[in-house]
Amino acid sequence: MAEHDRQVVLSRDGLEALVGALRAGGYRVCGPTVRDQAIVYDEIDGIGDLPAGWTDEQDGGHYRLKRRDDDALFGYAVGPHSWKKYLHPPRRPLWHATRGANGLGIAAEPEPTTRYAFIGVRACELAAIAVQDRVFTEGAYPDQHYAALREGAFIVAVNCGEAGGTCFCVSMETGPKARAGYDLALTEIVIDGGRGYLAEAGSDDGAAILALLPARSASDADRAAAEAAVAHAAAHMGRKMDDYAGVRDLLLANLEHPRWDDVAARCLTCGNCTMACPTCFCTTSEDDSDLAGSEAGHSQRWDSCFTLDFSYIHGGSVRASPKSRYRQWMTHKLATWWDQFGSSGCVGCGRCITWCPVGIDITEEVRAIRMTPGATA
Amino acid sequence: MLPRSSGDPMVPQVARVVASRRELGDVWTLDIDAGPSGFPFQPGQFNMLYAFGVGEAAISISGDPAKARRLIHTIRSVGKVSDALARLNAGDTVGVRGPFGGGWPVAAAEGADVVIVAGGLGLAPLRPSIYQLLANRDRYGRIVLLCGARSPNDILYRSELEEWRARLDIDIDVSVDHASPEWHGNVGVVTTLMPRASFDPARTVAMICGPEIMMRFVAIELENRGVEPARIYLSMERNMKCAIGRCGHCQFSSDFVCKDGPVATWAHLRRLLSLKEI
Amino acid sequence: MIVGMDAIIREHRFFAGLDEPTIRLLAGCARNVVFKSGQYLFHAGEDANEFYLVREGRVALDVVTPGRSAITFQTVGPGEIVGVSWLLPPYKWMHDAHAVDPVRAIGMDAKCLRGKCDADHDVGYEMMRRFLPVLVSRLHATRLQLLDVYGKPD
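Protein chains in written order, with our numbering: chain A, 1 to 377; chain B, 1 to 278; chain C, 1 to 154.
Chain A with its partners taken away, still in its complex shape (with noise of 0.2 angstroms):
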């Protein structure tokens, strides 16, 4: 069966259908909305919910709400919040103890059983999904909790029809079209002057509940609509990695470029970048305890390279300098991460540029060192 069997548009009330049906189906359905003047990710209760009529502007430290001059659903680029936050929340409670007479007892938290449907993941995000999913899920400790909210969770991505100022997914070779990795895909178009969205199913599941959903073949010319949709944001891309599998030799061999002082200056090391990056794991743990002293809660939550803590062994920090914990953060995402997970950690979804408070730019800094490669300081 060709691809293109499986394609159909769905109205806007195809896709309220859509919500409705997952809903209906158990699953918590979460998607992009407008809060505190940017496009974050929450629970839906509908369409109605989605940032209809918005755009963003994007830049180095730069990230502004606008408004569109039509009532796109998806006329926007990621905002600083990523599907990490239900897949890898920021706080989970890993066990309880107890001490008692006879000493302690310890209790694993239940796994979650938690089913989420995310509606309007970016091809960049899917990227991002399939990383920590390396990371997670691979080796000889596959993270449990972790594994049951990704089997639990129903994917409708949404190709890109426009670009952020920070997006370079294209250089990164992760989109702006989803090719794998969703139950669902959306591409949304203008057809007779309305919206509608060409919907292809990637899963059996995604293939179920399309059939229950009102929708019409899609023609050629929905097609052509999409794919012109999708050039344009590719043509688009406000930000180039150059050379994304050339960036892991490079950076190894100029781990002391002046380079790393240069951003060190301008580096905040407030973190931000590691918060709203969709592929950073890094967690620490933390213990609370009642006032008797009878119950203790074990939690691991974000943590963050850029932190002193992060790489303290007693008598001090490993990374003391901002200048150590910046090339720390970089060189994991772009070089020593395709050692442990075989691939780059970076996505090129822009938001540590756009949500850097002094607009360090990922791609720039690579440039830079790429100029004058082996300069020392």
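These aren't lab readings, by the way, just hints derived from the structure by calculation.
Here a beta-carbon is modelled for each residue, glycine too, at the ideal position from N, C-alpha and C.
Careful: at least some of the hints might be erroneous.
Claimed, not checked - Computed footprint of chain B on chain C; a stretch qualifies when at least three of its residues, placed anywhere within it, have a C-beta under 8 angstroms from a C-beta of chain B: (1) 50-62; (2) 65-71; (3) 74-81; (4) 138-146.
As the list claims (entries may be wrong) - The calculated lysine to any residue pairs, modelled on SDA-like cross-linking and capped at a C-alpha distance of 20 angstroms, are: (5) K36(C) <-> E182(B); (6) K36(C) <-> H184(B); (7) K276(B) <-> Y312(A); (8) K177(A) <-> A253(A).
To be verified - Selected chain C positions facing chain B (Cβ under 7 angstroms, derived; list incomplete): (9) V100; (10) V149; (11) Y150; (12) G151.
Could you slot chains B and C onto chain A? The hints should help.
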């Protein structure tokens, strides 16, 4: 109780402390009941020990692998968690996750001369391999154990070192950084013991554990003596939180020290250890 | 006696590889010495008239700080040398040295050796080539000791 059931590697098992003894001023050894089925481990591996309401710390296993009923940890109280662990008494319970990490090349060293260099508490993670080497003494060539400590009062497992010295089939030399004139042993950094040690560099496997800078100097010295960098093993210390390569804290370039280490070869570490703040 | 000294010098690690004429030359400045356990080889402030090549036993190098007990900062064993202050003016010892065990050593007359080094720079160069690595490795070792690597962190 122990060993770990097949459950989540992030969740500790509860075990009971059966003995606690003070080794040095701020160093304590806990004997933990490993239960009837014991706690198998490789020399050089570590556990995450959990003190109720305080948190976890990575502590190397320092007992004899052949005596699996007793899980032995030597702990220096240097922080919140290690303070709480060091204060545990016989009868108290503790959370244990492990064993984690890769160990010393005890089996791979068969047929070779073995040079072990321990600095300070670095003897603790090396002790299980010493037990194994001595238990199979005929499988190895010369065995040399060089220990460095801050002062005579800071020499770990001192009485055991005396017992081993009495065996005559292991050359043991100890040096302290400074001492009062009453001390009749060596004074000087542990590397100064190296020229006096007798081993064949071409057929030597070396295992080094101690402060990173000391390990670097020892490894350089061994390499200068002609020991192959791929046969010089170091045990790295980094901030280990999850112990299974998931939390990111212990990264050392491409390695997660907790799962790719903590033991690694000088050939692997040499360049990175010469760079600052990796 | 002088022939015996030749052999002793030839055997000592510090002089390994020296040619025969030089060994004979140095033997003229050498004597056999023994120290009982606890006996001092020299004290800080004394003239550095003689340095020692340890053959057996160990020598501890100590510094004494007023108000504190003496601290041994290094021990020197067979094949190693005790004393470098004889090399440079003002030729005064900077620390004490005492025998930890019964010590047998070669004592080298410093003034005699300095004279021979001055008279024949090839001999002087040979001696410097042997002393310099000792000085450098002691400097490195001292740096490591200064770091107090085993000390409890703050």
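Hints, one by one, checked against the model:
Counting residues of the stretch 50-62 of chain C whose CB lies closer than 8 angstroms to any CB of chain B gives 4, which reaches the minimum of 3, so the coverage claim holds. Only residues whose C-beta sits within less than 8 angstroms of a C-beta in chain B count toward coverage, and the stretch 65-71 of chain C has 3 of them, enough to reach three; the restraint holds. Counting residues of the stretch 74-81 of chain C whose C-beta sits closer than 8 angstroms to any C-beta of chain B gives 5, which meets the bar of three, so the coverage hint holds. Under the rule that three or more residues need a Cβ within less than 8 angstroms of chain B, the assignment of the stretch 138-146 of chain C holds, with 4 such residues.
Between K36(C) and E182(B) the CA atoms are separated by roughly 15 angstroms; this keeps the pair inside 20 angstroms, and the hint holds. Restraint check for K36(C) and H184(B): the C-alpha separation of about 14 angstroms stays at or below 20 angstroms, so the hint holds. Under the criterion of a C-alpha separation no larger than 20 angstroms, the hint pairing K276(B) with Y312(A) is consistent with the structure, at around 15 angstroms. The straight-line distance between the Cα atoms of K177(A) and A253(A) is roughly 33 angstroms, outside the 20 angstroms bound, and the hint therefore fails.
This hint holds: V100(C) has a C-beta 6 angstroms from the nearest C-beta of chain B, less than the 7 angstroms allowed. Contact between V149(C) and chain B, as hinted, is supported at the beta carbon level, the nearest pair being about 4 angstroms apart and thus within 7 angstroms. Checking Y150(C) against chain B by beta carbon gives a least distance of about 4 angstroms; that is within 7 angstroms, so the hint holds. Taken as an interface hint, G151(C) checks out: its beta carbon lies about 6 angstroms from the nearest beta carbon of chain B, inside 7 angstroms.
Checked against the numbered hints listed earlier, the structure breaks hint 8 alone; every other hint is satisfied.
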